[in-house]
Amino acid sequence: MKLFEYQAKELFEQIEIPVPNRTFIKGLEGMAEAAGQIGFPCVLKAQVLQGGRGKAGLIKLVSNIEEASNQAESIFSKAKNMSGLLIEEAIQIEKELYVSITADPVTGKAMMMACSEGGMDIEEIAKDIPERIHKIYIDLSKGIQPYQVRGLLYEMGIDEKLIGQGTKILQDLYNVFRTYEAELVEINPLIVTKDGKLIAGDGKVSIDDNALFRHPQFKATEAYYENDAEYEAAEEGIPYIQFDGEIGLMCAGAGLTNTVFDLVNDYGGKVANYLEFGGPNYRKAKKAMDIMMKNDIKILLIVTFGTIARADVMAEGIVEAIKELNPPFPIVAAIRGTGEEKAHELLRSAGIEPLIDTEEAVKKAIALSGGVKQ
Amino acid sequence: MKLFEYQAKELFEQIEIPVPNRTFIKGLEGMAEAAGQIGFPCVLKAQVLQGGRGKAGLIKLVSNIEEASNQAESIFSKAKNMSGLLIEEAIQIEKELYVSITADPVTGKAMMMACSEGGMDIEEIAKDIPERIHKIYIDLSKGIQPYQVRGLLYEMGIDEKLIGQGTKILQDLYNVFRTYEAELVEINPLIVTKDGKLIAGDGKVSIDDNALFRHPQFKATEAYYENDAEYEAAEEGIPYIQFDGEIGLMCAGAGLTNTVFDLVNDYGGKVANYLEFGGPNYRKAKKAMDIMMKNDIKILLIVTFGTIARADVMAEGIVEAIKELNPPFPIVAAIRGTGEEKAHELLRSAGIEPLIDTEEAVKKAIALSGGVKQ
Amino acid sequence: MSIILDQFTRVLVQGITGKEGSFWTKHMIDYGTNVVAGVTPGREGQYAAGVPVFHTVERAVRNIPVDASLLFVPPRFAKEALFEALDAGIKKVVILCDGIPLHDALQMRKAAIDAGAMVIGGNTSGIISMGQAMMGFFPYWLERVYRPGRIGIMTRSGSLTNEVTAEVVRAGFGASSLIGIGGDPVPLTRFAEVLPLFQADPNTDAVVLIGELGGTMEEEVAEAIEKKIFTKPLVAFLGGRTAPKGKKMGHAGAIITAGKGTVQDKMLALRNAGALVAERPRQVGTLLESILTSKI
Amino acid sequence: MSIILDQFTRVLVQGITGKEGSFWTKHMIDYGTNVVAGVTPGREGQYAAGVPVFHTVERAVRNIPVDASLLFVPPRFAKEALFEALDAGIKKVVILCDGIPLHDALQMRKAAIDAGAMVIGGNTSGIISMGQAMMGFFPYWLERVYRPGRIGIMTRSGSLTNEVTAEVVRAGFGASSLIGIGGDPVPLTRFAEVLPLFQADPNTDAVVLIGELGGTMEEEVAEAIEKKIFTKPLVAFLGGRTAPKGKKMGHAGAIITAGKGTVQDKMLALRNAGALVAERPRQVGTLLESILTSKI
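Chains as they are written, first to last, in the numbering used here: chain W, 1 to 374; chain X, 1 to 374; chain B, 1 to 296; chain U, 1 to 296.
Same shape as in the complex, but just chain W:
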């Protein structure tokens, strides 16, 4: 679960990582007062989860109240899935650094990555100046050691005056990572101010969904999702991603769903969505169908090959969903695995010809969706 910048900065502040003075507002009301409190110049930052806010015009430096009002209005009108606006003091920047912590699956340790050139995307950094990215690995059971952090800072060539502050901030960032069981924490840029202080210019925190039961304070609302269908699916625990094609996928198993996704693309079709109702969701065919119907699809392609996710149970759910929801699109189904004979009988009873072969099913769906696209 990705947090918004304003939430990340709240966590930072609690754990004593320096952050700019700022106010978070949900709507345009109170804007003038908030900006006045922060003072000018200040920065307006749309609180959305996607990256590239600068380029999208969702971050604006403003130097008076009129400018602030105009820009805030423009941001609120432009941004989708915005949880609010962060109004933040403008920091005098000397230099920008990068630092993040993620999991390293090979060693089973946390990996802290830092670069003396921050501000840009880590992908760009990795491409342009990989030799300037420095890493340390932290054994969770031992915790982060000050000497590791000092070593990292010295490798980055940080000014001696900043070593003390930097050591504390990086240790605190690790505390954020551990305390909230994050999969990613990032400060980019970590700003060196003109007066020689370090301060978190931005903040990313992504909490591990599997650990949310231990952190009930984090609860994803609609603002966290790109659209209602994704939110609704997430509430049900059903993996669902929306695209702009015609063929709706309702498959079981992540690997198989990805494979069908590839096959549709290979054979010239266009995918309307990724939906998985296997694993623990194999009894949720009706709910899955309901979500599919929120999207404008031309054809529904169902492909499964289940073990515990029994074919007969899934087929039963699908037949029931068809009866109750009366979906407006045709259905192509290749349902295999445990109980497949019974599954096929059930499909036939609902007027669906059961297929055995995945490629055949994909091709049929593409044909029914209007044939190969350019």
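Mixed in with the good hints there might be a few duds.
[Claimed, not checked] What follows is a list of derived Cβ distance ranges for each label pair:
#	chain 1	residue 1	chain 2	residue 2	range
1	W	Asp159	U	Gly89	26 to 32 Å
2	X	Asn326	U	Glu223	52 to 58 Å
3	W	Arg132	U	Pro202	48 to 54 Å
4	W	Asp159	U	Pro202	49 to 55 Å
5	W	Arg132	B	Ser290	55 to 61 Å
6	U	Gln46	W	Phe213	48 to 54 Å
7	W	Arg132	B	Asp30	56 to 62 Å
[Claimed, not checked] Below 25 Å or equal to it, Euclidean Cα-Cα: the simulated DSS-like pairs (lysine-lysine) are:
#	chain 1	residue 1	chain 2	residue 2
8	W	Lys168	W	Lys194
9	W	Lys286	B	Lys248
10	W	Lys204	B	Lys247
Since the hints were made in silico from the structure, they are not lab data.
Here the structure is a predicted model, which means the values were calculated and not measured.
Note that beta-carbon positions come from the ideal geometry of N, C-alpha and C, so glycine has one too.
Dock chains X, B and U against the given chain W, drawing on the hints supplied.
Showing chains X, B and U alone in chain W's frame:
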């Protein structure tokens, strides 16, 4: 630093280990009210650091207010170094268990020791029923694991109904051990009540002196020491223990002091005290002499063989102390090691014949103290 | 004709008295698995699926020799259960559950490395040595998938494994061992760590790798081939070739981040190392046919 | 004619620019010790006692090969400094400071075991290989104590070591290596772990053990003798034979608890194993004379 029972139980309570209802009073005032609140029968327990309180008549079960007043008065008059009185509800005991945690120097782990027969001293348990003591070892970096505790409880043959409670209490006890950096935590007895609950009947916590800088809430007052001299020495960081002989030891180095202690005993002398002014205290000869003078000794025996604890510096301190404090006892000194030539000069200047040989010094001190004792 | 597990491997089941645990333990025994004991705290003295149950793993192994443990526990207890197994000296563990917290998984991976243990999972159906034994849940009754043979299979997926293995069987082959390393971002054993076992197994002629987007495990396999750690033929199929960046496509481990983890990169690395890479599941069978002369 | 340390051992000093660190580093170099580098954060590029200083241990060892590290750090930083040395791959470490918190010491002991490193200390003067090199602070100019020879010495004490070693010298012998394992309750290397090194050293004819009350280290030595892990003559002297129970007699490690740790028990165990046990320091010399034919 050993804590009093009432302090240990406060720590237990904070960390949610069940403890009896109780009130701590410093003097006889408020006794009646306190006992009334707890109700009768209740137990009066002298808050002293030494063991064997039961046998010494420092723990009394009382069943009414008159008995309570009489016994409390008697306890207050009997006990030395008593910080106060704990008035505690009387628990209906079904069975008594033993559990403790200490450091295991061999493995570098914490060792939890438990026995289904509690109430008596661990020394007695170890002697009488060693086969019923069960142990688990806890890697501090991983922390205590519930399965370890369950395993321990099953080995003890604990009733299945108590496993859940017991697991929590033992994990919590480990949290006390870690949180306060204890060298020992002990619940003895851990009482199984008639109504099937576990509750800490007594509590011992000893905090590692070397870690006290991280736990400034613990501060030893005079009540923690057997006499004023020991308290004063502790305040100075000088190891000092008082005995009832005639020869005062003022030596440098723990091993050498112990050896001199043995030699005095071997040759028929009696030691008045153990005092070490080596290591970081080698400049504290005057303070050490001052402490010696609080005790009624017949002769002062000084033995050192120092490296960093320079002989000349120590001799200088001794000569200065003699001048300023004018001690009423003769002094025998074997001061060797770094700077010994200069040390010997200094001693001679103060009228003390410097000796080279430890055994010779011991024998001379015994002779001067009045010869061999029976 | 197998790795890690065969019909002699003495298997312990942690969480044996649970619904899933007891159901699949029966199936495992039916298939030929040598399940010797189970663990559920508070149930010592009872029997489940015909095997004795103990309070703790330590008490079980003190009474009955055990080679491997299978964990039927909810994800939030997986870490503790693994530590318990490792502490008792068990060197092979299979963890099935989906949803192990990431920070737990990191500590588990570290503990497994430190203990020198092979821990398979989580988020997997487990492992099966065809015709001999299984630890996990496989519909072994589906003959068109679960057929003994001489192809080693290792996979990050569940349903996709059935899909691909069916193609292996359709082409006339069968499997020696199938190792489901699971779909988590921190699998406790990595593809490249399974390869030496297949390399050493005289009954495995070739390996089929079923991978997907995310992580670097497929690249590590390419490296193992380049370093001649693995020299048998390897056929790979990877799902998610056309997946967009930055989206979690199903498995938590299946995400392209910081420009890393694309299937294109993985396919290129594998091809450069000399592996055969299938574009579609069907091709896995035809590629095997093209390189192997004897079937099964 | 030494163990652990000789004149070729490349020594790093952590905390080299401190007052004690720089003072004793000069003495160490004067004595012949091959001190090659030092570490003090923020001082890289400077020199101390003539050797280059680095910000971190890792940066030091990347530039200069190091065999052993000596820690001149306050007790509260000892754990971190040790972890830093071990992380940089250093396998021999000497820690001098007195007052390491107990829970830190436990973690340090565990880390040393896991790393397969020999970590000596804390609360010690260090180690000295006579006439060759020293890590720590020894008044090597006292000829009546610090004389090269063929007797290995291992000790829990400081001043008592001078006392006893003077008796060894008075009897006409000298020392090969003197290993101060220190007086803490959790010494990071135990007596029994030093013995195999003295056993293997062709220049050590016999070992003098200087022990005291508390703990079980002397009993472990008795066990090592019984198990023939150590077969050379061993003479032991233990302080605190008449110490009362339950009192901390000086060293934190010197306490008799739960009936364990009495010097009587230790002396009995050593005697039963075949060691010679001196009642007084003077006897150490006479016992050595009684068993060894050639001196020095």
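Hint check:
{"no.": "1", "hint": "W/Asp159 <-> U/Gly89: 26 to 32 Å", "verdict": "holds (29 Å)"}
{"no.": "2", "hint": "X/Asn326 <-> U/Glu223: 52 to 58 Å", "verdict": "holds (53 Å)"}
{"no.": "3", "hint": "W/Arg132 <-> U/Pro202: 48 to 54 Å", "verdict": "holds (52 Å)"}
{"no.": "4", "hint": "W/Asp159 <-> U/Pro202: 49 to 55 Å", "verdict": "holds (54 Å)"}
{"no.": "5", "hint": "W/Arg132 <-> B/Ser290: 55 to 61 Å", "verdict": "violated (46 Å)"}
{"no.": "6", "hint": "U/Gln46 <-> W/Phe213: 48 to 54 Å", "verdict": "holds (52 Å)"}
{"no.": "7", "hint": "W/Arg132 <-> B/Asp30: 56 to 62 Å", "verdict": "holds (59 Å)"}
{"no.": "8", "hint": "W/Lys168 <-> W/Lys194", "verdict": "holds (20 Å)"}
{"no.": "9", "hint": "W/Lys286 <-> B/Lys248", "verdict": "holds (23 Å)"}
{"no.": "10", "hint": "W/Lys204 <-> B/Lys247", "verdict": "holds (17 Å)"}
Checked against the numbered hints given earlier, the structure breaks only hint 5 and satisfies all the rest.
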